Amino acid sequence: MSKKKFLFQKKEFEGWKTLNDTVMGGSSSAFCEISNSGLILKGNIVEKAGGFVSCRSSIYKPSLNVSEYSSFELNIDGQGRTFKFAVACEDDLLGLTEFIPGGLRWIKSFPTKKFGTTNVQIPFSELKPSVRANKVRFPFKFKPSKIKRLQLLHSKFGDDGLLNNEFKQGSIKVLIKSISVI
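When the sequence shown is numbered by full-length UniProt numbering, its final residue is 182 and no position is left out of the sequence of numbers.
Hint data in this document are derived by calculation from the structure and do not stem from the laboratory. Model, not experiment: these values are computed from the prediction. Hints may contain errors.
Stated by the list, open to error - Here are the simulated EDC-like pairs of lysine to aspartate or glutamate, each with C-alpha atoms no more than 20 Å apart in a straight line:
1) Lys173 with Asp77
2) Lys148 with Glu126
3) Lys146 with Glu68
4) Lys48 with Glu126
5) Lys148 with Asp91
6) Lys10 with Asp77
7) Lys173 with Glu14
8) Lys4 with Glu33
9) Lys141 with Glu126
10) Lys61 with Glu14
11) Lys135 with Glu90
12) Lys177 with Glu73
13) Lys114 with Glu73
14) Lys141 with Asp160
15) Lys42 with Asp77
16) Lys61 with Glu126
17) Lys143 with Glu90
18) Lys177 with Asp91
19) Lys3 with Asp77
20) Lys148 with Glu166
21) Lys42 with Glu166
22) Lys146 with Glu90
23) Lys128 with Asp77
24) Lys177 with Glu33
25) Lys148 with Glu73
26) Lys177 with Glu12
27) Lys113 with Glu73
28) Lys177 with Glu14
29) Lys148 with Asp77
30) Lys113 with Glu68
31) Lys108 with Glu126
32) Lys146 with Asp91
33) Lys146 with Glu73
34) Lys5 with Asp91
35) Lys10 with Glu33
36) Lys148 with Glu12
Stated by the list, open to error - Pair by pair, the computed Cβ-Cβ distance ranges are:
37) Gly170 with Gly25: 16 to 26 Å
38) Ala49 with Gly116: 26 to 36 Å
39) Asn36 with Gly161: 33 to 43 Å
Note that CB positions come from ideal geometry on N, CA and C, so glycine has one too.
Construct all of the structure, not just a fragment, from the sequences and the given hints.
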């Protein structure tokens, strides 16, 4: 295994954009902004008709290859909220998973401390396939050599499709200090 590799830290979150529940009729409003300390997700979450805010990277061309590593590592000031980390990969099905509304994502939920920075490690083996917060039963295989996009979400749904007990509507301000692979 290789040493830690920073994918994004401090001002290196160039190209990250907001994706909120407005894409499905919701009314949450948040935005992503780059600061000297990292990427800030800031705004207001409304549970009705959606209930999520997120920041996501641009699409990697060529795909990001992290196959020398075994886990993602995030450093985040998360206000005691539970987040989902989502990874989109190229598939070997001639791109057919892109025709699934919402797309296939590999996700893992994680809690954060109410105050201070949470360091969380997400082993690739713990990422589970999901479409719009619903588990996918088809035996897809996570491909760390074919990563297309990364995303961090605060959603009313957890990675199991059930309600996220730590979901909080209202004001949100979260700092993503870094995303690495280890």
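Provide an ascending list of the numbers of those earlier hints which the structure does not satisfy. 4, 8, 16, 18, 19, 20, 23, 29, 30, 34
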